[in-house]
Amino acid sequence: MPVQYYIFLSIALFCIGVMGVLMRRNAIIIFMCVELMLNAVNLLLVAFSKMWADAGRVDAAGAQIFVFFIMVVAAAEVAVGLAIIVMVYRNSQSVDVNIMNRLKN
Amino acid sequence: MINLVWLVPLLPLLGFLVNGLGRRYLSKSLAGIVGSGAILAAFVISLLMFLEVRTPGFQAVTVQLFDFISAGSLHIPFAFQVDQLSSLFLLIITGVGSLIHIYSTSYMHDETSEGFARYFAYLNLFVFSMLILVLGANYVMMFIGWEGVGLCSYLLIGFWYKNTNYNNAAKKAFVMNRIGDLGFLLGMFLMIVHFGSVNYAEVLPQIAGVAKGDGTLAAIAILFFVGAMGKSAQVPLYTWLPDAMAGPTPVSALIHAATMVTAGIYMIARSNILYTLAPCVQNVVAIIGLVTAVLAASIALKQDDIKKVLAYSTVSQLGYMFLALGVGAYTTAVFHVMTHAFFKALLFLGSGSVIHAMGGEQDIRKMGGLKKYMPITNATFLIGCLAISGIPGLSGFFSKDEILSHTFAANKLLYVVGLLTALMTAFYMFRLYYITFCGQFRGTHEQEHHLHESPGAMTFPLIVLAILSVIGGYVGLPAVFGAPNLLEHYLHPIFAASAEKVELHEMAHSTEWLLMGLSSVLVIITIFLARNWYRNFTDNGEPRTGIAKVLENKWYVDEIYDAIIVKPLGMLSRFFEEAIERSGIDRLVNGVGRGVQWGSQQVRLLQSGQVGFYIFAMVIGMVILFVIGFLVR
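The listed protein sequences correspond, in order, to chains A and B.
Quick note on numbering: numbering that gives the first Met the number 0 labels position 102 of the first sequence as 101, and the sequence is numbered without any gaps.
Quick note on numbering: numbering that gives the first Met the number 0 labels position 98 of the second sequence as 97, and the sequence is numbered without any gaps.
A couple of the hints might just be wrong.
[What the hints assert, rightly or not] Ranges of calculated distance between the beta carbons of each label pair, as one might list FRET restraints:
#, chain 1, residue 1, chain 2, residue 2, range
1, B, GLY628, A, PHE68, 36 to 46 Å
2, A, ILE15, B, GLY628, 19 to 29 Å
3, A, ARG89, B, ASP585, 53 to 63 Å
[Said to hold, decoys possible] Over the 12 Å line for every Cβ pair with chain A, so calculated as not near, a few chain B residues:
#, residue
4, TYR160
5, THR163
6, ILE178
7, LYS307
8, GLY368
9, PHE440
10, ARG534
11, VAL565
12, SER582
13, GLN609
14, ARG632
[Claimed, not checked] Only some residues are given here: those of chain B computed to face chain A with a beta carbon under 10 Å:
#, residue
15, ILE1
16, GLY611
17, ILE614
18, PHE615
Hints are computed from structural coordinates only; laboratory data are not their basis.
The beta-carbon is built from N, C-alpha and C at its ideal position, and this holds for glycine as well.
Extracted from the complex, chain A is given alone in its bound form (with noise of 0.2 Å):
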């Protein structure tokens, strides 16, 4: 299958993340999207690796080490990430980000 292929689906998604945080409200959603736009990265990652180690390039899988390393910060993020919205919900029952500007003024 043609790279192309690949790119074009990383793209689809890597967009319906950047318009799913962007337009989204519910905290859970935004995070849901930013996870959409990292594997979305990742697919393309490995796509590429999987292209130069066809054309024969030795340390092409060295691309893939990038595509663990995101996965474990994403999952640092995601714990980091759930206990604010959690403590934001305690606070203020409600995860919606538009009510979280209390801190102006």
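Dock chain B against chain A, hints included.
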């Protein structure tokens, strides 16, 4: 002995350090012994050196201590030069200086012991600076001493710093001296640019090789003379010296007789070849000197403060010395420096003795009849007055007469004015003498009860100086007496180069006798005039009118300076403060601060707290970065 020359300035420096650092711990007698002892020891060394220097055929010796400045081709060593001129000045400075120190131990006895030690520390530092000035082997060393005496005069004039007027007098002396110093400094730079050196031994022979009337030489000479104007109190920079009377009286004696004011004379005598080759500057020197002499003498005619009279007399006598330098009679100028050091120190110390007896009173209208209370002060003061007036046989006669006869040979008009000044000198000195020492006592009963002769430590220097004032003139007898002129012979190597270039005007002996007789007779007549007017002086308390009032107010020179220099300068600074400082720089600096504050007020509004907006801004930013990256590539 010559190799020990560094001891001469070192001893006063040590005295300064001991007295200055230990001023809280030293007793008065110890501080006095340290201070006077240091100068006395320096005097003994100077005397031993002088005995070596005075042998015929002595060549100038340079003692180098270390390299002071060494940059490129310019080498300025920290070196002392011992020759006939510096050796003579050493004797005057340390000799008269040590007498003044001894006198001070008694005069300053009412000070606290801390003030006493501080006083002696300053005095020693003063002598140290002056010794550096005359001993240095280059103009930079001279400049170090030059600045040193300026600083010390500031410290000593403002010694009683709690009095605002005294402090102002000290500041005035300092600022006026700085104006002159700038001239000296610029002259030195010009010298370095053109001759590549400031060492006497290198630069003076180079100058001697330049053609007469060279423009650069004239520029250097006039700049140096500006420096001398400030230090030696010549028109127009003389007003600091009468105000310098604010200091203790022995300080006035030290500043006016042995040190400081003679620095300008020393400098020109040292660079005599420079002035000989710049005849136009020499004329300027002569004219400025004469103007100063007349102006100061006329002011002294109507002053009522005993020290002010002497101060203006000093300015006038300095003018005389510059007149001598201006007509090329360098030896005579140095001769007059020497005799003047004797009789002016004597007069100042005598006036100090009078002020001491009067309990601080300086107004001669409130004195009178002191003759019978203070016989020694009276006798020595009278000798000083006779010497400065130029009565035949005393030291002042020989030096003044030599100046006048050289002036006569150079220019008849200058001579007439010079003679007039000599008569004014005789008049105001004897006015001072008769009002102070003769007639009835005019002070309060309390003062009359307090009157006494001063203690031995004060009368001893007076007696020594009186003897010197009488016999000091015999080292420089004019040629008409047939005896050899010892001083001229002694100083000949210093002025030899100048003497080759210009032949001093020779006069017939009969003319010289005539001039001598004329001035002597006129001076004696003037003294009798003063005697008749002031022998039985009574103070009628009427304010002076007409020309007398102008003279009493010193030709209003201070007021004129105030109006044309000080006030406009003050206005200019106020204008600059308003226009540049406050509305320029301040507004700019404050404007930057206010702009940043206003800007952040506006930018703050972007921080709305809307998370969605932040993310939107971030995404937009990233897109812009991508687009830029794409376009730039």
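Next item on the list: Hint by hint, work out which the structure violates, then give me just those numbers in ascending order.
Entry: Violated hints (numbers, rising): 1, 13, 15; every other hint is consistent with the structure.
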